[in-house]
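These are the residues of each chain, in order.
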Amino acid sequence: MSQAPAICTRGVTRDFTAGQQTITVLHGIDLDIRAGELTYLVGESGSGKTTMISIMCGILWPTEGEVKVFGTDIYELSDTELVEFRLNNIGFIFQQYNLIPAIDAASNAAVPLIAQGMDRHEARERAVEMMAKLNIADQADKLPNQLSGGQQQRVAIARALVHEPRLVVCDEPTAALDASSGRRVMDLLREVAVAEDRACIIVTHDNRVFDLADRILVLEDGKIIHDGTEMPEEH
Amino acid sequence: MAFNLRNLSFSRQVLPAIAGLALLLAIFFIVGGLPDRELSEPENEPPRAPEQLADAPRVAGSGVVEPSSEVVQIGSALSGLVTGLFVQPGDRVSEGQTLFTVDDRVARSALREAEAAIGEARAAIAEAETARATASRQLALYRNVDDPAAVSRSEVIRAEGEATAASQRLALAQARLQAAQARAASARTEIGRLTVRAPIAGEILAVNIRKGEYVSTMGGGGSQPFIEMGQTQPLYVRIDIDEEQAPRLDMGAAATVSPRGASDQQVKATFVRAEPLVVPKRSLTNSAAERVDVRVLQVLYELPEAASTSETLFRVGQQVDAYIPAKGGE
Amino acid sequence: MIWIAIRMLTGDAQKFYGLVFGIAFSTLLITQQLTIFVNLLERGASGVYNVSSADVWVMDPVSRTTDVSYALPSTALDKVRGVPGVEWAVPHIRAQASVRTKSGDLEGVAVIGVDDATLIGLPKNMIEGSPDVLSQPDSVIIDDVGMTRMFPGQSPIGERLELNDQRAVIRGIADATPSFTSTVVLYTKYSQALNYVPGTRNRLSFVLVGAEDPSQAKALSEKIERETGLKAQTRDEFARDGVDFIIENTGIPLNFGITVALGFIVGVAIVGLTFSLFIRDNIKQFGALKAIGVTNGKIRKMVAAQAALVGFVGYGLGVLGTLAFIWSFSANPTFKGFYIPWQIPIISLVAVTLILALTGWLALRNVLKTEPAAVFR
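Chains as they are written, first to last, in my numbering: chain H, 1 to 235; chain X, 1001 to 1330; chain Z, 2001 to 2377.
Treat the hints with caution; some may be incorrect.
The following residues of chain H were derived to be distant from chain Z, with all beta-carbon distances above 10 Å [what the hints assert, rightly or not]:
1) Glu-125
2) Lys-142
3) Val-194
4) Glu-220
5) Asp-227
No farther apart than 20 Å at their CA atoms in a straight line, the calculated lysine to aspartate or glutamate pairs in the EDC-like style are these [to be verified]:
6) X/Lys-1327 / Z/Glu-2227
7) Z/Lys-2218 / X/Glu-1041
8) Z/Lys-2336 / X/Glu-1038
9) Z/Lys-2301 / H/Glu-81
10) Z/Lys-2301 / H/Glu-84
11) X/Lys-1268 / X/Glu-1066
12) Z/Lys-2102 / Z/Asp-2165
13) Z/Lys-2124 / X/Asp-1036
14) Z/Lys-2218 / Z/Asp-2244
15) Z/Lys-2124 / X/Glu-1041
16) H/Lys-133 / H/Asp-187
17) Z/Lys-2298 / H/Glu-81
18) Z/Lys-2124 / Z/Asp-2175
19) Z/Lys-2369 / H/Glu-81
20) X/Lys-1268 / X/Glu-1305
21) H/Lys-133 / H/Glu-196
22) X/Lys-1327 / X/Asp-1250
23) Z/Lys-2218 / X/Asp-1055
24) Z/Lys-2369 / H/Glu-84
25) Z/Lys-2298 / H/Asp-79
26) Z/Lys-2301 / H/Asp-119
27) X/Lys-1268 / Z/Glu-2087
28) Z/Lys-2298 / Z/Asp-2281
29) H/Lys-142 / H/Glu-125
30) Z/Lys-2298 / H/Glu-84
Hints are computed from structural coordinates only; laboratory data are not their basis. Don't be surprised by glycine CBs; every beta carbon is placed ideally from N, CA and C.
Sequences and hints are given; from them, build the entire structure.
As structure tokens, this is what we get:
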């Protein structure tokens, strides 16, 4: 790849203090995530993958090391600038979707735009367009609890993409879905979230969908132990 | 988003609207419900200090209007029925004018009796005089007889005795006449006393007797005087001043006086005198219980004469409010 | 974002109504109790406020209120009239008496004797008849409390009463604010009142004074005190005395203070708990919003907007409740003249704001403490 990497981490270390014990979760990770690839971050529970992804998307400060996202050293930014940066550049898909139950699907999908300050009605129209790409435009007026799990997940994806972020971060997107739905979601993500200038990181340990990855990173005890297009045999 | 009933949310639109309306209503209610505590001017004019005394030291007092002669309460010297009443309240009378008469029939019969006695006495005098003349002529006749034998000595003595007796009878008759005359005079005086006359010139203020009523020297019914009169030109006003305030009074200054209930009609009253005696305040409230804890100095002022009878502002017995300058002012 | 905040709030109807109820209940309790409190206290001043034309009240130095007074000698009136700056002064008698009604019942009444000539001392308005009826012999004017207490459902005009073995005929009804004890009041002329009230030596209760310059009433009252040795109070001071008398001699302030404090505490408890629960329920959504890129400032605004909506609706409904209460009882003579002083809604607004600020701050602390990273766990 001729391009500069989308995310570039150098020597990222993270300690957690629990009482008088200090546990080092990440041990100086150097990593480049390239745009245009569907990158999986795989690891057992406690391997540090959640910490890693939090640091990469700017919601958790590393103890040491630097993180550049599209060339910006995000932990050099002030708190407000960092929040602003996240709002404009990163789309999030949470494991539990975290949709707001009181507003309808389209409005949920429009949240990032509204937060950017866009007019509510215009933002909603844009969100409906995005939902149309995800084939759930007909659910726009429904409240989240009137939707199935898969539909909610799509709404969450619409929310992550509606403001066209350059980095999309997914946390266990398929965990709550059956195998076929999970695959459909992954296909969908590949379809809408992967582009020339866009990076997509998916944290998962769902082996049903490993074959859909462009690149798989395996994390164990705070270190990258595998970096390739396929899962290593022992997993 | 078009407004339609389906989009109308109870908690987001109806409730806040109700709350807003409630607040508007509250403002309206609070502003409208404030109690009326504005001070207002009294409807009837209360007595006020005259303008020139408004900010000057002054003494206020209340008093009663009275005649300049004070009220004369006419009584009767003798008891009896009223037979004639010649005045009514409001009449002006001159000194000596008959006010009323008391039944004089007893006195008059006594007079007639006395007059009869006078006649009788006079007749007796005439008869005595005649007898005396006869006797003295008889005696003179005997005396002119030179012949002592012609008239016996005893004859002469008898004639002398007759003459003396006739003179004495005359003297007795004269004395009787005097007695009868005196009786007549006394009866006349009695009649005069039964006619009650005005002791001074003045105005009749009250008449409490009527013809046919019995008047007694002990006083009439309810101890009311039979007739009250007094000199009402000019009228005086007797102002009670609290003894504590009395030393402040500017003695001799004119007082501003207004009748109760017509306090906008103030007149100037000139100083007459201050009573030498400080008396307990008489309560003018018609209450039977008198209050004697405060003593008052009474000061008399002369009220100016009313322009005409129809404009009479003050009447005897009326209560007034007065303002008098105090010492140390101006 | 405010829109989302409001939606989040009203989306959870249970908690929203819980919050609104909490605030409305607090507002109602505080506003209504304070209103009754203030009005009850002001009953102590009603005797003063019923006399609309006197700037200064002069009384014996030991007199305290319109009902607790010691009689003056009758020359006090003239003493007061002698003070420069006094425009007019009239006598005023207030005394207690027992009246026998036609049915033979005994009723305690207050007899108020007003100046014979000017009738100063009567209430400003009459419900029936005119003040001039007092010029007829043996006339009294009854107040509207007396009308409803002694003659329920019938007109008292023309009724005969027996006061101190004297005849009294009711010829008018005055529109007066009732006293603290809602005693029946009979107005009559000063000279007549002396006959109606069994006599002691001194009976003049007050001298009512009109000032040359009503704005200088305070200075005038001091001057009267200096020159006559009597006690002189301006209208407002004397009204205040009546209120203070009730404060000092009854447990009313404590009782109402407790209720108002309870209103506040209940408000804090209900609203605080519900608000905390609400925020806790939504903490995930707030965390997600923070991760997506909503600043703490915006989160604060959102919570503030939620608090404002709850406060506005709850306060409005609470005030509405108070209005309804006062309005529905306004026909009751005991509550006659009750009004809401403008300070009271402001006090309850401040209380509501405090409740919301306190509970909002407590709830917000949780949100602000939430690490955005928590959403990945």
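Going through the hints against the structure:
1. Glu-125: holds (15 Å)
2. Lys-142: holds (14 Å)
3. Val-194: holds (21 Å)
4. Glu-220: holds (18 Å)
5. Asp-227: Fine: 22 Å to the nearest Cβ keeps H/Asp-227 off the interface.
6. X/Lys-1327 / Z/Glu-2227: holds (14 Å)
7. Z/Lys-2218 / X/Glu-1041: holds (18 Å)
8. Z/Lys-2336 / X/Glu-1038: Answer holds: Z/Lys-2336 to X/Glu-1038 is near 18 Å, not above 20 Å.
9. Z/Lys-2301 / H/Glu-81: Measuring from Cα to Cα gives roughly 19 Å; hence the hint holds.
10. Z/Lys-2301 / H/Glu-84: The given pair, whose Cα atoms are some 17 Å apart, holds under the 20 Å limit.
11. X/Lys-1268 / X/Glu-1066: holds (16 Å)
12. Z/Lys-2102 / Z/Asp-2165: holds (13 Å)
13. Z/Lys-2124 / X/Asp-1036: Cα-Cα ~9 Å, so holds.
14. Z/Lys-2218 / Z/Asp-2244: holds (19 Å)
15. Z/Lys-2124 / X/Glu-1041: holds (10 Å)
16. H/Lys-133 / H/Asp-187: Holds - the C-alpha atoms of H/Asp-187 and H/Lys-133 are around 13 Å apart, at most 20 Å.
17. Z/Lys-2298 / H/Glu-81: Answer holds: Z/Lys-2298 to H/Glu-81 is near 14 Å, not above 20 Å.
18. Z/Lys-2124 / Z/Asp-2175: holds (8 Å)
19. Z/Lys-2369 / H/Glu-81: Cα-Cα ~19 Å, so holds.
20. X/Lys-1268 / X/Glu-1305: Holds: X/Lys-1268 and X/Glu-1305 sit about 11 Å apart, inside 20 Å.
21. H/Lys-133 / H/Glu-196: holds (18 Å)
22. X/Lys-1327 / X/Asp-1250: holds (5 Å)
23. Z/Lys-2218 / X/Asp-1055: Between Z/Lys-2218 and X/Asp-1055 the Cα gap is close to 16 Å, so the pair holds against 20 Å.
24. Z/Lys-2369 / H/Glu-84: Holds, at about 19 Å.
25. Z/Lys-2298 / H/Asp-79: Holds. Z/Lys-2298 to H/Asp-79 sits at ~14 Å (cutoff 20 Å).
26. Z/Lys-2301 / H/Asp-119: holds (17 Å)
27. X/Lys-1268 / Z/Glu-2087: holds (19 Å)
28. Z/Lys-2298 / Z/Asp-2281: holds (19 Å)
29. H/Lys-142 / H/Glu-125: holds (15 Å)
30. Z/Lys-2298 / H/Glu-84: Holds, at roughly 12 Å.
Checked against the numbered hints listed earlier, the structure breaks none of them; every hint is satisfied.
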